[in-house]
Amino acid sequence: MQDMAQQDPSQLIPEPDVPALVLEHVRLSYLDAERRLDVLRDIAIEVMPGQTVALIAPSGTGKSTLLHVSGLLERPDAGEVRIGGVACSALNDAARTEIRRTDIGFIYQQHRLLPEFTAVENVALPQMINGLSRRDAEERAKQILGFLGLGERLTHRPSELSGGEQQRVAIARAVSNRPRLLLADEPTGNLDPVTSGHVFDTLLTLARVSRLAAVIATHNLELAMRMDRRVTLRDGVIVELP
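0 is the number of the first residue of the sequence shown in numbering that gives the first Met the number 0; add one for each residue after it.
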């Protein structure tokens with residue numbers, strides 16, 4: 000298995016020349032018992048290719064909402080969301096779904112792997128849905144899994160993998176369609192500190208090698224310090240941290 004760092008990164012994930020994510024004056028509110036709750040008040044952020052951003056904030060401050068808006072899972076009340084330079088807020092549902100499928104990868108605290116499929120099959124399936132042949136999809140899946148240290152676990156099902164291995168398969172699945180942007184919500188929250196560190200290191204290495212932009216919500220300050228930027232949410236506004 001050739002090391003991914005020695006390959007052309009564009010063979011795995013494209014290298015955009017525009018910001019992967021831009022949020023411009025994004026606002027989002029909910030009605031709670033006839034009272035308006037302003038979750039996102041005036042969100043503005045730009046994330047460049049290859050840049051990793053830690054989103055650090057207490058529960059209930061809107062971290063997941065911000066990730067959902069960035070990933071086109073929720074529409075803001077006002078403002079604009081740009082993915083790879085494309086303005087998305089006014090797009091219809093079909094167009095937004097297409098951008099999510101091709102340009103955005105998601106990782107959650109729970110790995111959400113399909114239990115009846117092997118590691119290779121879990122990573123190949125999104126590519127096959129995207130139109131790639133099974134042979135090519137499985138070859139790319141093996142390549143990414145090998146880079147993530149799972150070259151000897153390709154045919155194992157999730158129940159046969161450790162927690163850290165399962166999450167690395169989830170990372171491989173998230174990047175299998177060569178997205179511009181990776182959004183992760185506490186991706187190591189269920190792992191022990193040592194395993195969490197290993198998984199985080201592979202995730203950051205993958206982002207930098209492939210020029211993949213990543214926004215990662217985490218409560219782990221030690222892991223956040225390994226990232227390029229750290230931001231938080233205060234009263235519905237993004238604030239840069241040192």
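Calculated from the structure, these hints are not laboratory results. All C-beta atoms, glycine included, are put in the ideal place defined by N, C-alpha and C. Be aware that one or more of the hints could be misleading.
Distance windows between CB atoms, simulated [as the list claims (entries may be wrong)]: (1) 76 <-> 233: 29 to 37 Å; (2) 26 <-> 92: 15 to 23 Å; (3) 97 <-> 76: 42 to 50 Å; (4) 132 <-> 220: 26 to 34 Å; (5) 200 <-> 33: 44 to 52 Å; (6) 240 <-> 31: 43 to 51 Å; (7) 26 <-> 58: 33 to 41 Å; (8) 138 <-> 220: 24 to 32 Å; (9) 59 <-> 220: 14 to 22 Å; (10) 92 <-> 238: 44 to 52 Å.
Structure-based check of each hint:
For the pair residue 76 and residue 233, the beta carbons lie near 19 Å from each other, so the given range of 29 to 37 Å is not met. Taking 15 to 23 Å as the suggested C-beta distance range, the pair residue 26 and residue 92 conforms, at roughly 21 Å. Distance hint check: the CB atoms of residue 97 and residue 76 are about 23 Å apart, inconsistent with the given range 42 to 50 Å. Range check, residue 132 to residue 220: about 44 Å between beta-carbon atoms, so the 26 to 34 Å window is missed.
For the pair residue 200 and residue 33, the supplied restraint of 44 to 52 Å holds, since their beta-carbon distance comes to about 47 Å. As the Cβ distance of residue 240 to residue 31 is approximately 28 Å, the hint placing it in 43 to 51 Å is violated. For the pair residue 26 and residue 58, the beta carbons lie near 21 Å from each other, so the given range of 33 to 41 Å is not met. Checked against the hint of 24 to 32 Å, the C-beta distance between residue 138 and residue 220 comes to roughly 39 Å, which is inconsistent with it.
In this structure, residue 59 and residue 220 meet the distance hint of 14 to 22 Å, their C-beta atoms being roughly 18 Å apart. Residue 92 and residue 238 have their C-beta atoms about 32 Å apart, which leaves the hinted 44 to 52 Å range violated.
Taken one by one, the earlier hints fail for this structure at numbers 1, 3, 4, 6, 7, 8, 10, listed in ascending order.
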